[in-house]
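Chains as they are written, first to last, in the numbering used here: chain D, 1 to 321; chain H, 1001 to 1286.
Hints in this document: simulated from the structure, not taken from any laboratory. Note that the coordinates shown come from a computational prediction; the quantities given were computed from them, not determined experimentally. Hints are not guaranteed to be accurate.
As the list claims (entries may be wrong) - With a cut-off of at most 27 Å between alpha-carbon atoms, the simulated BS3-like pairs for lysine-lysine come out as follows: (1) D/33 with H/1118; (2) D/240 with D/317; (3) D/127 with H/1204.
Said to hold, decoys possible - Covered by chain H, per the in silico footprint, the following chain D stretches (three or more residues, Cβ under 8 Å): (4) 198 to 206; (5) 276 to 283.
Glycine residues also receive a C-beta, built at the ideal position from the N, C-alpha and C atoms.
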Amino acid sequence: MLPDNELPIEYPKKPTVLRKTKGKLATLLKEIKRNKVSYFFIAPFGIIFIAFYVLPVLISIGLSFTYYNILEKPQFIGWQNYLNLFVSDDLFLKSIKITFLFALFTGPISYLASFLFAWFINELPRKIRTILVVVFYAPSLSGQVFVIWGIIFSGDQYGYINGFLMKLGFISEPIQWFTNPEYMLTTLIIVILWTSIGAGFLAFIAGLQTLDKSLFEAGYVDGVKNRWQELWYITLPQMKPQLLFGAIMTITSSFAIHDVIVPLAGFPTTDYAAHTVVSHLVDYGTIRFEMGYASAIATLLFIVMLGTNIVIQKLLKKVGT
Amino acid sequence: MAVKVKRRTPNRSLYGDLINILVLAGFAMFMALPLVYAVNNAFKPLEELFQFPPKFFVRNPTLDNIRDLFTLMNSSWVPFTRYIFNTVFITVVGSGIHMFVASLAAYALAKHQFPGQKLFFNMVILALMFSPHVTAIPNYLIISKLGWLDTYLALIVPAIAAPLGLFLMKQFMEQIPVSLLESARLDGASELTVFRKVALPIVKPALMTLLIFSFQSLWNMNGGTFIYNEALKTLPTALQQIVATGFSRAGAASAIALFMMIVPLSVFIISQSNVMETMSTSGIKD
């Protein structure tokens, strides 16, 4: 039970089993046979996963090289969809800008906020902790509650914000929070941030519960002075798996913003001021039924997320050093 | 200070604790605001729902909205309890199998070494990043080829392999000290026993978190694209059918919003108090 006093616990993968399966089929088969328990463990998930997640993604990537209107058979057209996206689709280029804008403003803030809230909450006595976790996660819990913001920011004088501002005399005319391109993005970012304390936050909460307490004691002995030092040198290094989880969940959600926009700002938004890449994709996929084109958009978005993911993983390696 | 903070550690200044509580309290209000509003709205009579200037809290609480909802429910084609059964069945079975299957795979990915391991895990992460709007059509084709349209299978089976669950569990399983597993193996335990008796209890906070993710997504599952048989439709689909949007239904709509929230909220509260529970008893130790 005695802890070794090295702070960052990492359990490096033992290189015992894989001694480079260098193309030799025989050795590979032997390895597979030797590890059959592992494959049995993975099989139930793996088979379903491949059938319902991997296969559809591969089909979609394939479709991105075709013209496919769902009714007729897909026709192979090579890189045409990708070419059109960059050469003749101004709206797509605009949507990229908007998507990055949303991602830049909501991603980092929601990631940091999720962690800080989780960490702050963890300092409190148990009962209060439970209540606060519920309160902070509640916006994510029910998928549709955010439409309440539609009433709060409602564009007529019945909206809370408008009613309030008019009563105080700041404005004489109600502001169209969700339809005026001037205010739309800010209002939407507020709502998106509100809904973004989600999967990452809960993973952080759970992660803070599984920390090795003895490391903290060792830290006091070694002269950790305040909570911030403790956070950086003891807590964070232990939470790398959760930090990675939170980061990837944040990337996937902040680059795929769309579902929140529709009920609040409509579809499409005024002047396409909040038209994201996913909005563009939904437009082509489910309204114009140009699945090949929509698949090309999805594939590009996928590549962008992938790139961001690689950058973030590199950054996370620096935590606690 | 109303809340006495128990000093777990010497590294805490009183000011820090105070600021901590103030910050949290402020944000908690911001986070809870629309929820309080949702609860209040469910009990507002129609004239208050459209009052100007709008009031946050209900003045004359009424159960009219809830009564409206029940009247609407009774006018449905199949008994309303049937929808509730469908959703409860799908949610319970789906979440249960998903939690087991995802943890099992996560355990192997985190604690075994075998060819294809990295590839598989990378596929799981990549699957999270591909837009579901696009995969919906291939998904539909696969499910119809399997002949699963109009069955529970169409909703339950894909949920079993949700990549989020495996990713979450794998991240937590990674932290389990190998020595714990080794000593169990030396005692002659089979891998399955090691998984169930040693690994799973340690990652209980993660498991409880996964429960809420899975429960939430299945509970809110619409399934309208796969299920056409009225008797097999889920609760969200049914509710959507009932509430045609419009002013006269605004009351029933606010009651529904509250109702759809209460069940996952209760599960969440129970699972979270379990997450907190484990704190006092365990934590990962070598």
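Would the hint linking residue 127 of chain D and residue 1204 of chain H be met if the CA-CA limit is 27 Å?
Holds, at about 19 Å.
Closer than 8 Å Cβ to Cβ for three or more residues is the test here. Does the segment 198 to 206 of chain D pass it with chain H?
holds (count 5)
Given the hint that residue 240 of chain D pairs with residue 317 of chain D, does the C-alpha gap stay at or below 27 Å?
8 Å, holds
Within a Cα-Cα threshold of 27 Å, do residue 33 of chain D and residue 1118 of chain H meet the stated pairing?
18 Å, holds
Proximity test - 8 Å, beta-carbon atoms, the segment 276 to 283 of chain D to chain H, at least three hits
holds (count 3)
Taken one by one, the earlier hints all hold for this structure without exception.
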